[in-house]
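**Q** Protein sequence lines correspond, in order, to chains A and B. Residue 189 in the UniProt record's numbering sits at position 189 of the first sequence, with consecutive numbering throughout. Residue 27 in the UniProt record's numbering sits at position 27 of the second sequence, with consecutive numbering throughout.
It is worth saying that the hints were derived from the structure and are not from the lab. C-beta: ideal position from N, C-alpha, C; glycine also. Relax, there's no trap hidden among the hints.
Pairwise CB distance ranges (calculated):
| hint | chain 1 | residue 1 | chain 2 | residue 2 | range |
| --- | --- | --- | --- | --- | --- |
| 1 | A | Ala285 | B | Ala243 | 27 to 35 Å |
| 2 | A | Leu512 | B | Ser12 | 56 to 64 Å |
| 3 | B | Gly278 | A | Ser339 | 35 to 43 Å |
From the structure, some residues in chain A lie toward chain B, with a derived Cβ separation under 7 Å:
| hint | residue |
| --- | --- |
| 4 | Ile342 |
| 5 | Pro350 |
| 6 | His355 |
| 7 | Ile373 |
| 8 | Leu384 |
Short derived list, chain A residues pointing at chain B, Cβ under 7 Å:
| hint | residue |
| --- | --- |
| 9 | Ala338 |
| 10 | Asp356 |
| 11 | Ser361 |
| 12 | Gln379 |
| 13 | Leu383 |
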Amino acid sequence: MAHENQESGAERDLLLALDSITKRFGDLIANKDVSLELHSGEIVALLGENGAGKTTLMNILFGHYVADEGAVTVRSRSGALEVLEPGAPHAALDAGIGMVHQHFTLAENLSGLENIVLGTESLWAGRFSRSKARAKLKKLMETSGLEVDLDVRVSRLAVGERQRVEILKALYRDARILVLDEPTAVLTPQESESLFATIKKLAAQGLGIIFISHKMVEVLGHSDRVAVLRSGEIVADLETSICNRQMLADLMVGHSVETVQRTPGNPGKPFLRLQEVCAGEGREALDHVSLSLRRGEIIGLAGVSGNGQATLQKLISGLQTVTSGSITLEGKPLPAKASAAIKQGVARIPEDRHHDGIVGSLSVASNLVIEEIRRPAYQRFGLLRYGAIKRRAEAAIKAYDIRCPGPRARARLLSGGNIQKIVLARTLDQHPALVLAAQPSRGLDVGATADVHRRLLEARDRGAGVLLISEDLDELFQLSDRIAVIHRGHLSAPVPTEALDKSAVGLMMAGLEPKKEEAA
Amino acid sequence: MIRFEPRENVSSTYAVLVPVIAGIAALALAAIPISAAGADVQGAFIAMAKGAFGSPFAISELLARATPLILTGLAAAVAFKAKLWNIGAEGQLYVGALAAVAVGSGAISAPPYIMIPLIIAAGMMAGGTLMLVPTLLKTKLGADEVVTTLLLNFVVLLFVQMMLEGPMKDPMGMGWPQSEPISAAATLPKMFPRLRVHWGLVIALVSALIVFIIMTRSVWGFEIRATGENVSAARHAGIPVTATYVKVGLVSGALAGLAGVSEVAGLKGYLTADLSPGFGYTGIVVAMLAGLSPLGVVAAAIFIAAVFVGADSMSRAMSVSNYIADLIVALSLLCVLVSGLFVRFKMRFVRPKLPKKKEAEEF
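With the sequences and hints as input, model every part of the structure.
**A** Here it is in structure tokens:
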């Protein structure tokens with residue numbers, strides 16, 4: 001499919017050239033001598049681990065940062081190649097560069113149309129002409145295949161629809177270069193497919209497209225060329241047709257990676273029971289959810305975020321109570337108090353590790369003991385035992401390979417993967433009976449993800465029951481003994497992973513009945 | 001063009017140096033209004049320094065002024081560390097003083113070793129209880145404590161005036177709205193003969209030390225810091241967030257109440273409605289200047305007290321209004337707030353023209 005564009009490769013126009021871009025933050029070199037070209041009609045995937053410098057590079061392109069060295073050249077609307085003014089987002093916009101950020105930049109209280117037009121109208125124009133804007137957008141929707149109701153407030157739109165608004169916003173500004181930062185992070189597999197269909201259409205119309213990703217499958221399936229960024233440097237810039245998965249993974253990480261293989265589990269007796277649980281409100285409400293989890297097994301809960309997972313996490317973390325139904329752990333009701341839940345052996349790996357997992361301005365050591373700070377091991381007569389805390393921190397840093405300047409370093413300064421290791425160390429080292437892991441590898445690189453997976457399987461093999469909430473089907477199929485799907489607060493009955501296929505689960509995540517019998 | 005980039009690590013030397021520079025900058029900026037007032041700038045600063053440090057009497061005045069500021073500064077520092085914005089130290093100071101007078105002006109007669117702890121306990125309890133109200137309103141109903149604590153200041157001040165005009169009015173006070181004097185047994189003794197500095201200073205210094213130990217060495221302090229820095233993660237990790245706010249509120253209010261006890265029993269001897277020239281509010285400046293560090297509060301309180309005492313003395317010598325003191329205090333707060341920007345961010349000068357190739361910039 002991608003080869004149609006390559007046929008005309010010889011005549012393709014150069015749209016954009018990044019020339020020897022270097023960007024430093026203090027001692028850290030975020031981008032080192034990066035050069036990249038983009039032609040009209042081309043889809044380039046920018047592949048790299050977290051912290052490889054992908055986002056920094058795109059922020060330089062878009063004028064959010066100023067490069068220390070190097071320049072960006074863009075084909076201007078007049079057709080000449082011109083150097084882009086650094087540090088000026090408006091210059092980037094004027095040059096026809098459109099960016100769709102990972103975290104959408106939409107005003108939730110405005111409609112799609114208003115969001116798209118926002119900023120394009122002169123301050124002195126008085127009322128803007130809705131009909132003119134609407135006509136232009138209608139045409140854009142037809143040519144691109146991006147359908148969305150423009151008059152609905154953004155807060156009511158689903159994630160996929162919001163993304164379409166973002167893309168339309170860029171197209172409305174006559175973007176000829178479209179940059180998408182991790183565009184599929186929040187989409188179901190079906191939504192991702194339709195996004196890439198749109199991208200192909202746009203490329204066929206002559207746009208140049210860069211999408212940032214760390215998912216090998218979509219890079220291989222949907223790009224013409226792939227540039228691999230590692231530690232701020234471009235280590236490969238290749239035609240996609242000559243690449244394969246293993247090769248890209250090795251290039252991205254810099255050494256060979258092994259993915260964690262699940263061995264058949266040895267499940268024991270059910271110990272966590274949810275019976276007809278109703279809780280929460282709105283989109284996150286749970287509707288008569290029942291589930292029973294055995295010791296020594298991992299149940300994967302597949303589902304797009306915002307279908308009740310947040311409420312389920314809060315319930316099991318002891319931060320919320322049920323409105324009806326019951327949750328029992330070893331026959332006893334689960335306490336609605338975080339400290340009591342921890343004492344009963346519930347390990348919680350929160351979805352938003354920066355917001356709920358760590359206290360960023362406290363030290364690594366403090367974050368490692370925060371759940372157990374009142375235990376006699378770490379305090380005597382209410383005074384902290386710094387020696388014991390330091391020893392615990394040093395042991396955990398070693399055992400979990402937490403890369404940090406030391407136990408006293410502020411946790412905020414660590415990378416996402418190392419922050420997750422702090423959370424893993426402090427929860428799993430308490431030998432929990434139940435592990436609640438919410439999106440445990442979201443935003444982590446290949447190495448850190450493998451580490452998280454290995455730890456979860458270890459916990460399972462120690463006899464813990466693991467509830468894995470994830471949007472990542474690869475992860476779910478890799479780790480889960482059984483998989484259930486959550487959609488609009490309903491939970492399907494868990495089915496052994498061997499009896500499922502990914503596309504059926506993908507359809508169920510989107511709320512559709514799979515055609516195959518066994519997945520129902 | 002100037003750009004601000006966040007600093008990754010803030011060194012502790014920097015954290016100390018910046019408020020010091022801010023204080024000096026505030027003093028330097030004060031030269032503008034002083035010269036505008038027609039005074040000799042150099043002479044004015046010398047007069048200020050002499051007024052604050054020039055004699056045992058000056059130092060005594062300085063320390064007497066610093067005493068309530070240390071306590072209200074600690075009250076603000078403890079609360080702000082938990083992101084509990086207690087703006088009500090002024091009111092808590094007055095109820096603390098009111099309680100001390102109620103207990104210590106003849107209602108009970110006992111020897112000093114009973115009376116002094118008694119009025120201290122009464123004042124701290126009163127201040128803590130008053131702060132409990134906005135704290136519970138915040139934790140139970142989500143009421144913004146900035147508004148509630150601030151407004152309670154006015155309620156308390158009117159209540160104190162009512163008490164001084166009514167039930168607690170001194171019958172021997174020649175009709176002035178003032179309370180009966182604190183009994184001799186309940187009075188905090190002077191530290192040196194003929195100087196006004198009193199044992200309240202020692203109480204304030206000990207308080208600073210205790211607060212320092214609580215904040216840095218205890219489980220409470222750990223929980224307070226965690227709650228203040230990231231309430232959501234603290235709650236997730238099982239820290240009793242509501243109980244932590246209540247504890248912080250009680251401690252903060254009690255410290256401000258103690259400031260009231262110290263003023264009324266150490267310095268004034270009786271309660272009037274002008275006991276405090278805004279010590280509760282100035283305490284906020286002290287805490288911010290100290291970067292919320294309990295020991296830093298002592299240094300900041302002494303600096304602010306020196307400005308007030310020095311400016312008072314300078315205004316007498318140079319005929320410049322002593323409002324200059326308020327101006328310097330306000331300037332130093334502004335300088336500290338601005339300098340906070342330099343602690344957290346570093347400034348880069350970026351040439352707006354296109355960068356030349358391979359040209360390395362410093363930083």
